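Letter by letter, the chains look like this.
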Amino acid sequence: MTPFSRSDTLSCVGLRVVEKPVPQTDDELIAACIAGDAQAQRLLFRREYARVNATVYRIVGSARDADDLGQETFIAVFRGLARFRGDAKLSTWIDRIAIRVVFHHLRANKRKPSLPIDVIGDIEGTGGSVDDQAHARDGLRRLYEALAELSPESRAAFALFAIDGRSIAEVAQITQTTTVAVKCRIWRARREVMKRASADPLLAELVRDEEESR
Amino acid sequence: MKNRIIVEPPTSDARRERVERKLFEQLAAVRMVERVEAVIPPAKKNRTPLWFGAGALAAAAVLAVVLFSGNGSTTPEVPAPTRVVTPVGGTSQFTVPGALIEARSDTSVEVQHGSNGAITLVVARGAIECNVEHRVNKAPFRVIAGDVTVEVIGTIFTVARTPIPRVDVARGKVRVSSGGNDWLVEAGEAWTPSVTAAVIPKPEPKDEPASEEAPSPTPEAEPLPSEPQPAPKTQSPAKPKVEEPKPQEPKAEEPKAAEPTKAERDLARETYRIANKLEQSDPQKAAQLYRSIATNGKGMEAVALVSLAEVELRLKHPAEALAALDELKKRFPNKPFTEDAAWFRYEALRTMGKRDEARTAAADYLRQFPSGAYADRLRGE
Numbered sequence: 001m002t003p004f005s006r007s008d009t010l011s012c013v014g015l016r017v018v019e020k021p022v023p024q025t026d027d028e029l030i031a032a033c034i035a036g037d038a039q040a041q042r043l044l045f046r047r048e049y050a051r052v053n054a055t056v057y058r059i060v061g062s063a064r065d066a067d068d069l070g071q072e073t074f075i076a077v078f079r080g081l082a083r084f085r086g087d088a089k090l091s092t093w094i095d096r097i098a099i100r101v102v103f104h105h106l107r108a109n110k111r112k113p114s115l116p117i118d119v120i121g122d123i124e125g126t127g128g129s130v131d132d133q134a135h136a137r138d139g140l141r142r143l144y145e146a147l148a149e150l151s152p153e154s155r156a157a158f159a160l161f162a163i164d165g166r167s168i169a170e171v172a173q174i175t176q177t178t179t180v181a182v183k184c185r186i187w188r189a190r191r192e193v194m195k196r197a198s199a200d201p202l203l204a205e206l207v208r209d210e211e212e213s214r
Numbered sequence: 215m216k217n218r219i220i221v222e223p224p225t226s227d228a229r230r231e232r233v234e235r236k237l238f239e240q241l242a243a244v245r246m247v248e249r250v251e252a253v254i255p256p257a258k259k260n261r262t263p264l265w266f267g268a269g270a271l272a273a274a275a276v277l278a279v280v281l282f283s284g285n286g287s288t289t290p291e292v293p294a295p296t297r298v299v300t301p302v303g304g305t306s307q308f309t310v311p312g313a314l315i316e317a318r319s320d321t322s323v324e325v326q327h328g329s330n331g332a333i334t335l336v337v338a339r340g341a342i343e344c345n346v347e348h349r350v351n352k353a354p355f356r357v358i359a360g361d362v363t364v365e366v367i368g369t370i371f372t373v374a375r376t377p378i379p380r381v382d383v384a385r386g387k388v389r390v391s392s393g394g395n396d397w398l399v400e401a402g403e404a405w406t407p408s409v410t411a412a413v414i415p416k417p418e419p420k421d422e423p424a425s426e427e428a429p430s431p432t433p434e435a436e437p438l439p440s441e442p443q444p445a446p447k448t449q450s451p452a453k454p455k456v457e458e459p460k461p462q463e464p465k466a467e468e469p470k471a472a473e474p475t476k477a478e479r480d481l482a483r484e485t486y487r488i489a490n491k492l493e494q495s496d497p498q499k500a501a502q503l504y505r506s507i508a509t510n511g512k513g514m515e516a517v518a519l520v521s522l523a524e525v526e527l528r529l530k531h532p533a534e535a536l537a538a539l540d541e542l543k544k545r546f547p548n549k550p551f552t553e554d555a556a557w558f559r560y561e562a563l564r565t566m567g568k569r570d571e572a573r574t575a576a577a578d579y580l581r582q583f584p585s586g587a588y589a590d591r592l593r594g595e
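Heads up: the sequence lines are chains W and Y, in that order. When we follow my numbering, the leftmost residue of the first sequence carries the number 1, and every step to the right adds one. When we follow my numbering, the leftmost residue of the second sequence carries the number 215, and every step to the right adds one.
You can take every hint at face value.
Only part of the chain Y face toward chain W is listed, based on derived beta-carbon distances under 10 angstroms: (1) PRO223; (2) ARG230; (3) PHE238; (4) LEU241; (5) ALA242; (6) THR305; (7) ASP320; (8) GLN494; (9) VAL517; (10) SER521; (11) ARG528.
Which bits of chain W does chain Y cover? Going by a derived footprint, with three or more residues having C-beta under 8 angstroms, they are: (12) 34–48; (13) 52–59; (14) 72–78; (15) 162–168; (16) 184–196.
Think about it this way: if two alpha-carbon atoms lie no more than 30 angstroms apart in a straight line, the pair counts; the simulated BS3-like pairs of lysine-lysine are: (17) Y:LYS236 x W:LYS89; (18) W:LYS195 x Y:LYS476; (19) W:LYS195 x Y:LYS512.
Calculated directly from the structure, the hints in this document are not laboratory data. The structure displayed is predicted, hence computed values, not measured ones. In this text, a Cβ means the ideal position worked out from N, Cα and C, and glycines have one as well.
Can you build the whole structure from these sequences, using the hints too?
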């Protein structure tokens, strides 16, 4: 015997089930999210989360902070989506929000000097050796200690460019400034990091390329 | 230095699911609070988590519905003050009787209702834009930002509290009171407190839009450079009670011997930072600030000129961009950023339709910076 389905029940009272279409384009997805469609919101979150998480993590260097800031970013995204005008790509707009959230966090936590223990995640290309992993973790910890000394703008510009692998133009677009300003910020950050690296072999190993090391 | 430092973010599904769960719980709580607030505005903000607040507000909503549906006599005559706070990067629109208010990024504003229907907005931080119905014979509408009070006579205007108080009037007329003085500020005018120190004289007159108002006999003092640039017209004192500070005479050429002081350098740096921030929201203001730094700043002139060229290009003003680049070349032939300058020169010439000169600029760029950031793009064009 076939179980009595929900659509059968509804048809008995003169109603029929209308399948909700899955949004195909950004515009459809945005419209559905604005309308409060939780499924569409989850879809958007899952699509964008990995990039936002990676970007935020690479700036702040803490998995716990990255989780909190990622969450804050998406709350701001869903609350502000109605104001998205489509001037930039949706992903760029979300990245801009993430950067604002990160700036706010960095400014608010400027006086907290220490870094959390979970500053380091997995490190690509270090192999399975526990020693190598620990070594690389220490190097990264030193890097984020150096970055903590910088202004939020310089830190974000450097992290987006040198760690997240974005182009200067992309960094300018996301941080909503000029390419010249971005170059200045990266230059300042790089100078600070290299100054520290000159007195710190671990950091030097992480940031200097092979030619410089020779 | 390495081209890229590898830092792999944590990517476990469990972590993503945890963030997702918390996010949607919080979104649901926010929606709940919004629904309840639509019924009754929160009397007082507290810092408890939203989901606890939602429960409390829901209970209050039920109580309010019961009270309102009984008889109207329990309704308080004067609503309690409410506070609107926007996060950094966020804005919020709300209405008060007879006015639509937009609170800008990082703003805190309290709405107070008087017993005679008067509305007072107290700006603790940030800036608000007000679109107010004509208020002749109506209870007053005031905005207070620190010791500055703005009284409205039907208008669209903006009041900023930070970084320094400023009132911009888009339509109509307002009365600004501060330190015992009153000013009437009309459409197109801006008001800021008088500047007594660190005055940056006005940029070149050619940049100012033509004004039909009779010009002041002496140049007006510019606002502090740490604020957005002035509106086309400056405030007209209704009954000036204090003498305006006498502006400094603009000097054509500063002697180069004087080294900038730390304060001057900080001022220039701060102005540059503000101009940077304004580039997206108001590129024209950003351009004016850059021009101001280039003319009067200490220590940031070269970078300001390059940024000015970039902003002018974005504003589709290639001639102005080219002028900035020429000035850069003349004043700072050995400064960095010449690569950007060379690229912007090409862009400006190309936009102006000067194809031969653009081609020469492109060749110059490629000769000087064969592996520069824009070299591949130039070779492709």
